[in-house]
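Visitor: Single-letter residue listing:
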Amino acid sequence: MRPSSPSVAAKYRDAAFLLPLAGLFLLMPPFIDLFAVHETLFGIPLIVAYVFGLWTAMILVAFWFSHRLSDPEHHAPSPPDTSSPGR
Amino acid sequence: MLSANLIFTISLAYVALLFMVAFVGDRQARTGQSSWIQSPVVYTLSISVYCTSWTFYGAVGSAARSGLEFATIYLGPTLVFIGWWFLLRKLVRIGHVHRITSIADLISSRYGKSTSLAVLVTLIAVIGTTPYIALQLKAVTTSIQVIVSSDPGNLANPPSDQPASEIAFWIAAGMALFTIIFGTRTIDANERHHGVVAAIALEALVKLLALIAVGLFVIFALADGPADIFSREAAKVLQTEDMFDARWVALTFLSGVAIICLPRQFQVTVVENTGEDQLRMASWLFPLYLMLMSLFVLPIAIGGLSVLPEGADPDMFVLTVPMSVGQDLLVLLAFLGGFSSATSMVIVASIALSTMISNHIVMPVMLRTPWTSIERSGDVRRLLLVSRRISIGVILLLGYVYFRLSGKSDALAAIGLIAFAGVAQFLPPLLGGIYWKRATATGAKIGLATGFILWGYTLFLPSFEGDLLLSASTIEHGPLGIGLLRPQALFGLTGLDPLVHALFWSLSANVVLFVLCSLLVEPKPLERLQGTLFVDVFRTPAGDEHRFIRRSASAEDLFILAQRILGAAEAQRLFREFAAGQGSDSDFPQPTDAFIAHLERRLAGSIGAASARAMVSQIASGETISLDELMKIADETAQLMEYSQEVEKKSIQLEATARELRRANQRLTLLDAQKDDFLSQVSHEVRTPMTSIRSFSEILLETRDLTSPQAQRFLSIIHEESLRLTRLLDEILDMNLMDRGEASWNLHELDASVPLSRAVETCRGLARSAGAEIHFGEPASAIVMADPDRLQQVVINILTNAIKHNTTAEPEVHVEGRLVGGEYVIEISDNGPGIPSHLRPFIFEKFQRGAAQSSTGGIGLGLAISKEIMKRLGGTLALVEDDGPGTRFRIALNAKALRSVAQRQNQAVE
Chain A
56 MRPSSPSVAA KYRDAAFLLP LAGLFLLMPP FIDLFAVHET LFGIPLIVAY VFGLWTAMIL
116 VAFWFSHRLS DPEHHAPSPP DTSSPGR
Chain B
387 MLSANLIFTI SLAYVALLFM VAFVGDRQAR TGQSSWIQSP VVYTLSISVY CTSWTFYGAV
447 GSAARSGLEF ATIYLGPTLV FIGWWFLLRK LVRIGHVHRI TSIADLISSR YGKSTSLAVL
507 VTLIAVIGTT PYIALQLKAV TTSIQVIVSS DPGNLANPPS DQPASEIAFW IAAGMALFTI
567 IFGTRTIDAN ERHHGVVAAI ALEALVKLLA LIAVGLFVIF ALADGPADIF SREAAKVLQT
627 EDMFDARWVA LTFLSGVAII CLPRQFQVTV VENTGEDQLR MASWLFPLYL MLMSLFVLPI
687 AIGGLSVLPE GADPDMFVLT VPMSVGQDLL VLLAFLGGFS SATSMVIVAS IALSTMISNH
747 IVMPVMLRTP WTSIERSGDV RRLLLVSRRI SIGVILLLGY VYFRLSGKSD ALAAIGLIAF
807 AGVAQFLPPL LGGIYWKRAT ATGAKIGLAT GFILWGYTLF LPSFEGDLLL SASTIEHGPL
867 GIGLLRPQAL FGLTGLDPLV HALFWSLSAN VVLFVLCSLL VEPKPLERLQ GTLFVDVFRT
927 PAGDEHRFIR RSASAEDLFI LAQRILGAAE AQRLFREFAA GQGSDSDFPQ PTDAFIAHLE
987 RRLAGSIGAA SARAMVSQIA SGETISLDEL MKIADETAQL MEYSQEVEKK SIQLEATARE
1047 LRRANQRLTL LDAQKDDFLS QVSHEVRTPM TSIRSFSEIL LETRDLTSPQ AQRFLSIIHE
1107 ESLRLTRLLD EILDMNLMDR GEASWNLHEL DASVPLSRAV ETCRGLARSA GAEIHFGEPA
1167 SAIVMADPDR LQQVVINILT NAIKHNTTAE PEVHVEGRLV GGEYVIEISD NGPGIPSHLR
1227 PFIFEKFQRG AAQSSTGGIG LGLAISKEIM KRLGGTLALV EDDGPGTRFR IALNAKALRS
1287 VAQRQNQAVE
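Protein chains in written order, with the working numbering: chain A, 56 to 142; chain B, 387 to 1296.
Everything labelled a hint here was simulated from the structure, so no lab data went into it. For clarity, every value in this text was computed on a predicted model and none was experimentally measured. Any given hint could turn out to be false.
[Said to hold, decoys possible] If you only want the chain B side, here are some residues facing chain A, beta carbon under 7 angstroms, derived:
id, residue
1, L461
2, I468
3, F616
4, S669
Beta carbons are placed, not taken as given, at the ideal position from N, Cα and C, and that holds for glycine.
Turn these sequences into a full structure, and let the hints guide you.
Guide: This is the structure we're talking about:
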């Protein structure tokens, strides 16, 4: 599943950086005020549907990213160093 | 209706179940069957200690009062976790590499393993967490009271004023016992508390299921689906116009900070993490858990508001809504959910705090008292474990006392967010520590202390409404009536929500002082070192400190130290392993810098970085920190970039060289082809005269009756042909010498007209025999730098060609020498057939002949040689392009000075 090319991996990392920022933007005023209106969607207030819909979308994107992010560094992910003697 | 006895029995049974799960989990981990406990799912569930009873019960209460606001408490952590790659991953990596035991340890370790900083962080954590534990105790006791003492008719007034203190006490005692048994098995904080984690994962599932069950019941049993719920009158709580204001932003920010900075969250997320893959899954699974926890909060709140009588406590809706319709099983499940939320938080928080207290307060005190100094024997390990167990007891006792003292419910209810704001003070030193190398301990201390004091003054103390330190009038009018210093309107800043107000002042002061002091104070060498190691954790290989810290200690002393903290067996194993790594069979490794650093890090995993350093320093001597090395590592990145630039430059150079080589190769191939042509031409040219010489000599040899004139003719042909051959060979030799630059030159100043006249005279004989006429006027004279024989050779060559190749009936050749500008120019023209235009560019090449092949001339080296000679003399030989008939060659040489004809004549006389 991991991207093979370093440039693709770098692209995913950049995109992953945007995810929480985008979430923040969409959840904060003034943007969120767009949805704070007396409307309903299938009987559910629009603002509730918006917050929980956005929440679900963020989880799905994070799930999608979680398999695709990989280390740019040379060192392999070091396990909790149980034994690294003599180094 | 549930009886008190039933509730107690079920609580006890549930606690017994937790003990059993913890026991089994611990056993399995010990016997190596720990796969499910180490799974990312269990890790994620353990992070859900974030959802305490304050959120289990309180979220519904908050929703009933302020609508969607409750969601911020879960949205902040969601944003932090979906951005795990950039912050959490770095924290976890640092936690592994430096064997971090708590958030206090992380901050202290980063800032030069400072003990005082660790103490400060521990104090803030304890002050912030103890009321929070009290809140959990209160929630559990209140929930029990609500269940046992109210009948459905009395739900409007749950007896929260007199919480049963005995219940709280026994709950606290039970939690202390559980935590001591399963939370202090080993002293290495990096070793997971498998039993605890297993029990907490179970509790996480119970509270989630309980809330979902109540939510589904409200939506589908009490109401007619989600649309029906949201159409109730009570749903108007959602429509607060100014919901998305500063408080919304502040709460989201605060909860995002809390998920990192709360000691218990740091414990489960960073300290108990065993690999980055756990975090990878938690990055989406934990937000999903939070989303599911919040999904039914609004329906339950609206359901409660619609079903229950006016004035019912919304904080207990999760219990009272199912109670009002007599759903005993659901009530029980909801109670267990709340119980789970409270107990899991208490367990993890007390483990985290006890580690901090024992490592950062007990250990330093012990190290400074003479009777426990390192020289004396004694088991530090046992002492640490005992101190941790006592700490757990003390923390829970403190929580209980706090709960008894602040019986008034209102003071406790707000403590959740107040604690968040308290631990948010850790954020500047934490973020600064892992992203900013320049951040110093002084900056961290001053910032933290100021932020903490401001938080206490503007938020924590006022929340007691005059019962603690600050009197009610001080809160209202400021100390000594100074309005500017009013805790909730500091420096006249009014109109803000108290939480936003406190957060603004405390964090601003914290950040500003942290940054300013960091910039003003030079970091100590160890701070610089730790700063580099922390900030560059992904670039620096683990265990690199020994490159920078040099010190010496005996292996025996180190072993005694290790044994006292890790235990004899573990210490022996560690020493043997390292010795094996050094390639020796002995029990003790060489006490190199690498080994001392390795041991210190290992000890830090048990007693914290500051204490480990203090203890190692007691037996190690001559410590120096090499700043040069440190600079080097800082430069390594720069070097890497430089290196890649160099590589790029080199490859460009290589490319240029390759192009050059290709060009040279092409030239060589061309020259090779030319050489082949030359050879075949030479062979051909040599063969023709040779053939005629051979055939005529054969005739002479074989034919006996040859007449004398015939033989004479044949002999003269042979003679001519051999002359031609000699000329050809001379020319080739000459050309070859000239090509190699070996021809002899006799350069000196001379009058150019002299060799010119001589050449013309030489050719007159040939012209006569060819019937050609040479027109040669008196040439101008000028001094040129030349070899007279060579110049003469050139003129003769061209003149000969002009005579030989002239096929017209009355051949004429014109020769003139004159001065043009600074040049001496000789022009030789004839009235011959001229050179066809397509051959003109090639006449100076070897083996080209301007006219068609004829037997009269050489093989065509003449012009090439002449051109080369003129080049050597610094002049030119060119074919003049004109439309007249015949051919016109021009020879030009730099002239030095003009001499008078008289002089020349004098010279001629001499």
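Visitor: For each hint, tell me whether it holds in the structure or not.
Guide: Evaluated hints:
1. L461: This interface hint holds because 6 angstroms falls under the 7 angstroms limit.
2. I468: 4 angstroms, holds
3. F616: With Cβ-Cβ at 5 angstroms, under 7 angstroms, it holds.
4. S669: 5 angstroms, holds
Taken one by one, the earlier hints all hold for this structure without exception.
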